[in-house]
Amino acid sequence: MNCARLSQVLDAWLDGELDAATGAEIEQHLRGCAACAGLRDGRAALADRLRAGTLAYAAPPHLRTRVERAIAANAAAAPARGGPTWWQAAAALGAASALGLAVGYWIGKPLPESLPGEQVVASHIASLKPSRQLVEVASTDRHVVKPWFQGKVDFAPAVRDLSSDGYTLVGGRLDHVAEGQAVAIVYRVREHVISLFVWRAATPREEPLALSSARGFSVASWSEAGLRFAAVSDADSREIERFARLMQAQR
Amino acid sequence: MTARFEREVLTHLDAAYNLARWLTGENAAAEDAVQEACLRAFRFFDGQRGESPKAWFMTIVRNTCLDGLKASRSAHHEEYDDEIHGASAHDGPDVAAARDSDARSLHACIAGLPREYREVIVLRELEGLAYREIGAIVGVPLGTVMSRLARGRDLLQRRLLAQHRRLAP
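Taken in order, these protein sequences are the chains called A and B.
So that you can map any letter, position 27 of the first sequence is 27 in the numbering used here, and since no number is skipped, the others follow by simple counting.
So that you can map any letter, position 65 of the second sequence is 1065 in the numbering used here, and since no number is skipped, the others follow by simple counting.
The shape of chain B in the complex, shown without the other chains:
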């Protein structure tokens, strides 16, 4: 392994795992996806001279996750459901460790968002990436990043409000 690969790609392992974990909803699937993404990145790294190695690597991570989700969906012969899948995420030990119900409901609301909104929120709010980088990772123009973030935050606020009303009528 080269020092440059270590410095420019593996240094983003936490970011990669975070995105993979939010996309797949499972620890094991996220780990598998990150490992596969690292192998893919390593294979094509020599020819890569982009301005943002992080965005490049995260693009591979995202594609690997989507490939994995597609494969498991066809293996189960059922429609992948973001809502159900996202909801299952809050049974994990990580979430059990979440200190208060506020954090838990926020987590559940994000996990329950449709993928196209969930991913831009994770990339922006948790990874702090610029719109340009998010656009490159997700493969959409800047205007779409903008509208998806706006819509995603609208949805999130609405769901948090609904949950709050349910819990404290």
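Same shape as in the complex, but just chain A:
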């Protein structure tokens, strides 16, 4: 391996895209060549800066809603593949009026009160992506987390201290559940992250604790005082139920 060849393959090697034999040749060359080792150090420094920088843009919360609506509208207007002409679309709409109605119902329907499971799980999963921030306000102090929500949402979510029960407060963020704005209060228990979503209920009905699961995540949801609560985690359902009961008990 000479220097010219090394400069061609260094990046692929650092990115883990080369076979072990070539990797060994590269390592051997780097041991004996200060100039190429300098090149590698430069790349390592760049990688550190890229990792430290907040460079990835997360989709704004309203974009998902916007996309879902556009797709629903599109599916209702153009069920034929490949783009129908005007009269085809009209004919299809007539023929598929039942479908159209169903889609219209889906769009106009308020947030399901009793089954937010899949929606909160989707939001929870999204928050765990490396490109996203798990929390926007990071603090184990509930007197820091709670005031942070002030002026950002039109309700005041209670933030509880459950540290003596093994649940460490991580912080909070603004999020969304289906179409509505929600706050997420994040806790950690052992290695599990728990997102507690809170949003305004469409009807001020009290609902008892209900357990469900979706995509391998456990969900505990309930309603009280005009707010909906849903706790989501990959911890097992007993753990999430205990967490939910403690939340309620502190009321």
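Be aware that a few hints might be false.
Covered, in the sense of this in silico footprint (three residues per stretch, anywhere, with C-beta under 8 Å from a C-beta of chain A), are these stretches of chain B [claimed, not checked]:
id, stretch
1, 1026-1040
2, 1105-1113
3, 1121-1130
4, 1143-1157
Just a sample of chain B residues kept apart from chain A, beta carbon distances all over 12 Å, derived [to be verified]:
id, residue
5, A1003
6, R1073
7, E1116
8, G1139
No wet-lab data here; the hints were simulated from the structure.
Since this is a predicted model, take the numbers as computed values, not measurements.
Glycine included, C-beta positions come from ideal geometry on N, C-alpha and C.
Chain B: place on chain A using the hints.
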């Protein structure tokens, strides 16, 4: 909307927006492009059985962005300039929120890279995609992904160095 579409495509909405935002340089244009890309993806999703739904979706996102950029370029009757366009990106509120000048200068340097280097850097460094996936998205062979990443990182390092010298002589 099917559960499979939700699971295999919409789950990559952040990645899609990230790529679109870096390609277009604007929030509104990125949102429009992502929405259009989702509609296109939804239309052709049934016939799609690729091994990487993410790479497939990101290909559509990229093509949609390039279509949009082409359209706005011809609408303005002027040559699209990556340097100028990229530089405008650091006026946005997202960047104002960047905590320190180090992050800001890094952001500006990436935004100022020519598109062919910027996109492979975003896909590799921010999305962590494999060369094979990047090649599929950008539509170039593996060797080209390799050389563009190497050249892109060279450029980035050089520009960061130049900026550092300018700011701290």
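Hints and how they fare:
1. Check result for the stretch 1026-1040 of chain B against chain A: holds, 7 residues qualifying (beta carbon to beta carbon below 8 Å, three or more required).
2. With a cut-off of 8 Å between beta carbons, the stretch 1105-1113 of chain B has 3 residues touching chain A; three or more are needed, and the interface restraint holds.
3. Check result for the stretch 1121-1130 of chain B against chain A: holds, 6 residues qualifying (beta carbon to beta carbon below 8 Å, three or more required).
4. Remark: the stretch 1143-1157 of chain B is confirmed as covered by chain A, as 7 of its residues place a Cβ nearer than 8 Å to a Cβ of that chain, reaching the required three.
5. Here B:A1003 does not stay apart from chain A, with its beta-carbon only about 9 Å from theirs, under the 12 Å limit.
6. Remark: the non-interface label on B:R1073 is consistent with the geometry, its nearest Cβ contact in chain A lying 22 Å away (cut-off 12 Å).
7. No beta-carbon of chain A is positioned within 12 Å of the beta-carbon of B:E1116; the least distance is around 15 Å.
8. At roughly 18 Å, the least C-beta separation between B:G1139 and chain A is larger than 12 Å, which holds for a residue marked as non-interface.
Going down the numbered hints, you'll see the structure goes against just number 5.
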